[in-house]
Structures are given as structure tokens and as C-alpha cells.
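Undergrad: With chain H's structure known, arrange chain U on it following the hints.
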Amino acid sequence: MNVEHDTRTRILSTARELFHGRSYADVGIKEICDLAKVQKGSFYHFFPSKQDLAMAVIDDMADDWAHGFVAEAFDQNLPPLERLDYMIDAAYYWQKAAKDIEGRMPGCLFGNLALEISTRDDVLRAKLNAVFDKASRRFHEALDQAVELGEIPPLDSEATASAMLAFLEGIILLAKTRNDPEVIRDLGSAIKTLRIELAHPN
Amino acid sequence: MTETTHTLDARGLNCPLPILRTKKAIAALASGEILEVIATDPGSVKDLDSFCSQTGHEMVSSEEADDGFVFLIRKA
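Protein chains in written order, with the numbering used here: chain H, 52 to 253; chain U, 2 to 77.
Same shape as in the complex, but just chain H:
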């Protein structure tokens, strides 16, 4: 049981690292098996296809995030808009730490995969879309609470939440392209200035 669990975990963490550090298409099952020290037969026992593996990698990472820094940043005890600062800090320090180790900024795994896969694989695209939707709901909830507390005037909180997520993903992309995590810190605070008005304010 434990051996099985370990093997699956090893495959997942190896794949996650390779997909994140390089790409999905560029990494083959053989390379993953070699690095994870797993036989190919054993790999296919856990993951019938590379797509199944990618689905599990996305779930694994999304789960880590949801219970890790996303939960920490979107802490209900924090004032709603301050949670956005925490999210920017999380992205900045995480990317910076990765660059300190690898020399390159890896970017956002979900953003990287979305850019690479969206034109090729509708199943994975839908999976990533669901991850982004879930992330967007955290922003949405914070915005609704900020409106309720009178911290900001009413706005289209759902659209603004999507705009904030797009902004966050965008600055991570720009920072990755420049290989400079400081871009996230320099531009990040503008996330709080984004707002999409209600179409028909009452």
C-alpha cells in the first residue's frame, strides 16, 4: 500500500517539476520514469496516459495551493482587500525563491500549461479553466466582502475578480519573460485599482 502510494507520489512530483520547469509537450513518459526511478509498466498502472498524468498533476498542485498559500492569503481574518497584497506577496516570494535555486523564473504552472495546451487538448483546457474559476472565486468573495463592509463602492465583483486573476497571471508572465520576479512586486500593487463597473447600477 505504502509502496504503491510512494510510487505514485514520486511520479507525480517528478512530472510536476518537469512540466513546470520545462513544458508539457517537451517532457516524455520515459524521462519521467527514469527520474522517478519507476518502471514504465508501473507508470501505466497509475496513469493510463500522459493526459491522465497531467490531470493528476493539475489536481495535486491545485490542492497544494488551495490548502497552502492561497488559503493563507485569502484568510477570512484579514481585511478583504489586504488579501490581494498577500496574494501578490505569495507569487513574488515563491517565484523569487524558485529563481534563486534554478536561475530561471518558472512562472505559474497553470498559466504555463494553459498557454501551451489550450489549442491542443480540450480536456486539459477545461481542467485548467476550472482551476482558474476556483481561483477567481476567492477574489470574488473578497470583493463582495469589501463592498459589504463599505471599503469599496459596489462594482461588478465577478468580472473584477476575473480581471484581477488575469492581471496576476499577466504580471507573472511578464516577469517570467524578463526572468525577473521584481516585476511582480513592482506592478503587483495595481491589482487593487482594477474595477469593472456594474452594467446597470441601481
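Please keep in mind that the hints were generated in silico from the structure rather than gathered at the bench. Keep in mind the model is a prediction, meaning the values are calculated, not measured. In this text, a Cβ means the ideal position worked out from N, Cα and C, and glycines have one as well. Treat the hints with caution; some may be incorrect.
[Claimed, not checked] What follows is a set of in silico ranges between Cβ atoms, one per label pair, in the way DEER data are often shown:
#	chain 1	residue 1	chain 2	residue 2	range
1	H	A250	U	P43	49 to 57 Å
2	H	N128	U	S54	25 to 33 Å
3	H	E192	U	E59	29 to 37 Å
4	U	E34	H	H118	25 to 33 Å
5	U	A28	H	D237	17 to 25 Å
6	U	T6	H	S100	52 to 60 Å
7	U	T6	H	R171	26 to 34 Å
8	U	P43	H	R73	21 to 29 Å
[As the list claims (entries may be wrong)] With a straight-line Cα cutoff of 20 Å, these simulated EDC-like cross-link-like pairs (lysine to aspartate or glutamate) come out:
#	chain 1	residue 1	chain 2	residue 2
9	H	K101	H	D136
10	H	K185	H	D77
11	U	K76	H	D136
12	U	K47	H	D77
TA: Below, chain U without anything else, positioned relative to chain H:
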């Protein structure tokens, strides 16, 4: 002089969690108070250094101990 009354145990947490927890813990302190942070993530040494230089809090000391890294941070 450097009396520590607040301790944050961030052992076992990986980046960026120690930083986020530190930021929260510091926010709850009064100016001049000192927070002790214990962490095991080696990246926390650089992270907390840059956190201090960016936020103006003072890194009073940063040491490697048996059970991890111990930082004393004075709130600006």
C-alpha cells in the same frame, strides 16, 4: 534589550508560507516589538532578509540552530 515576547513557529512550511505567516504575525505587533521566527525552509533566510529590507522592519539577528533557522525581527 532584545526581549522576545512573540514567537512564530514556521517549521515544516515551505516558501511562501513562512513569509506570509511572518507578515501576519508582524502586523499584530506594536512598533519596536520583536518577533522570533523559527523556520526550516533554507529559502527563508533570503526571503526574510528581503522581506525586512522591503518593509523596513529590522533583522536583529539571523542564525542557524539545531532545529532550524532562528530570526529576530523588530517591527518598524
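Undergrad: Now, for every hint given, state plainly whether the structure supports it.
TA: These are the hints, each one checked on the structure:
In this structure the hint that H:A250 and U:P43 lie 49 to 57 Å apart at CB holds, the actual value being about 50 Å. A hinted range of 25 to 33 Å holds for the C-beta pair H:N128 and U:S54, which are about 27 Å apart. Taken as a hint, the range 29 to 37 Å holds for the pair H:E192 and U:E59, whose Cβ atoms sit roughly 35 Å apart. Distance hint for U:E34 and H:H118: a CB-CB separation of about 30 Å, consistent with the stated range 25 to 33 Å.
For U:A28 paired with H:D237, a C-beta distance near 22 Å keeps the hint of 17 to 25 Å intact. For U:T6 and H:S100, the Cβ-Cβ distance of about 56 Å falls inside the hinted range of 52 to 60 Å, so the restraint holds. Under the hint 26 to 34 Å, the C-beta atoms of U:T6 and H:R171, about 56 Å apart, miss the expected range. A C-beta distance of roughly 24 Å is found between U:P43 and H:R73, which places it inside the suggested range of 21 to 29 Å.
This hinted pair does not check out: H:K101 and H:D136 have alpha carbons roughly 36 Å apart, beyond 20 Å. With a C-alpha separation of about 28 Å, the suggested pair H:K185 and H:D77 falls outside the 20 Å cut-off, and the hint is violated. With a C-alpha separation of about 19 Å, the suggested pair U:K76 and H:D136 falls inside the 20 Å cut-off, and the hint holds. Proximity of U:K47 to H:D77 is assessed by CA-CA distance (about 32 Å); at most 20 Å being required, the pair is judged violated.
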